[in-house]
Each structure stands twice: as structure tokens, then as C-alpha cells.
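Start counting the sequence shown at 60; every next residue gets the next number (the numbering used here).
Some clues are possibly wrong.
Mimicking DMTMM-like on lysine to aspartate or glutamate, the simulated pairs with C-alpha atoms at most 25 Å apart in a straight line are [said to hold, decoys possible]:
#, residue 1, residue 2
1, 63, 80
2, 63, 129
3, 63, 153
4, 63, 189
5, 63, 169
6, 63, 168
It is worth saying that the hints were derived from the structure and are not from the lab.
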Amino acid sequence: MEVKFSIALPRQAYTVAVMRDFLGEALRTTGVCAECRFPILLAASEACANAVDHGAASAGYRVEVHIRSDMCVVEVAHIGPGFNLDRVPLPDLEAESGRGILLMRQIMDDVSLASDRDGTTRLRLGKRFDECSPGPPEPGRWSLLEPVLR
60 MEVKFSIALP RQAYTVAVMR DFLGEALRTT GVCAECRFPI LLAASEACAN
110 AVDHGAASAG YRVEVHIRSD MCVVEVAHIG PGFNLDRVPL PDLEAESGRG
160 ILLMRQIMDD VSLASDRDGT TRLRLGKRFD ECSPGPPEPG RWSLLEPVLR
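Start from the sequences, fold in the hints, and give me the full structure.
Written out as C-alpha cells, the structure is:
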């Protein structure tokens, strides 16, 4: 099974949870096991929180998702300054923030960043389903979503 979707969200903190719930149900409905869903949801939440917190003063950001039988790719795009992933410093142990990129790199199989000429920064996260293979969907909260994702 293959599922693709894109969602445009305003740069507001509450939208991180909206995206996480929608993505979680899409992963669950397509049969991705909980062990594989957790790192995807955590990394995608961090990426969206970064778009909300560090994006330029723009109206919103976009999340594009591609779920296949062997992997999931999530891309979070917003207008804002790009940066070099290899030059992200280790977080200060006493700091309250600054661990997102490090965390994403530890729990995802692929983390890449691209900056477009128009000022769009795109953070791409990939997770292979090596440890688990998608099976039948688990029961969930959003039964109305199931016909859309099938």
C-alpha cells in the first residue's frame, strides 16, 4: 500500500499536535507497527516545532508525507534561513532546547536539508521499516480516516 498526502498549516504551536495526530492515524491505518510509528512521529513533531519556532515571519508551513510498504518519508517545508546539518553544534547540557536535530539524526535513517532559491527550507526525514513490516491496521480513533487512506 502506498499513501501520499500534503498538509499546509499555519505557523502556530497547536498545529504540531494536529500534524502528529493525522500522521499517526495515517501510519496506523496503513499497518505500520507502533515501534516504527514512534520515531517517525517524534522526529516529524520536532521538525514541525522547528518550522513554527524558527521560520521567517510567514503564514505557514507544509508537511508532505509518503508512506510505502518499506519506508516513510516526511518533508517539512517553511520559509526561513537554511543551515548546514553538519555544523549543528551539540546542545548545551543545561539548555532547555536545541536537541531536535540531534534527536532526529539518531532515530531516523535519513535526515537531509535543502534550501531553495525562493527561501524555502526543506527538512526531509526518512525511516525504513526494516524492523517491522506493515501488517493489518490496529484499531484507532479516527475510523472515518480509514476509507480515505485505503
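Each hint, compared with the structure:
{"no.": "1", "hint": "63 to 80", "in the structure": "holds, 16 Å"}
{"no.": "2", "hint": "63 to 129", "in the structure": "holds, 14 Å"}
{"no.": "3", "hint": "63 to 153", "in the structure": "violated, 39 Å"}
{"no.": "4", "hint": "63 to 189", "in the structure": "holds, 20 Å"}
{"no.": "5", "hint": "63 to 169", "in the structure": "holds, 18 Å"}
{"no.": "6", "hint": "63 to 168", "in the structure": "holds, 19 Å"}
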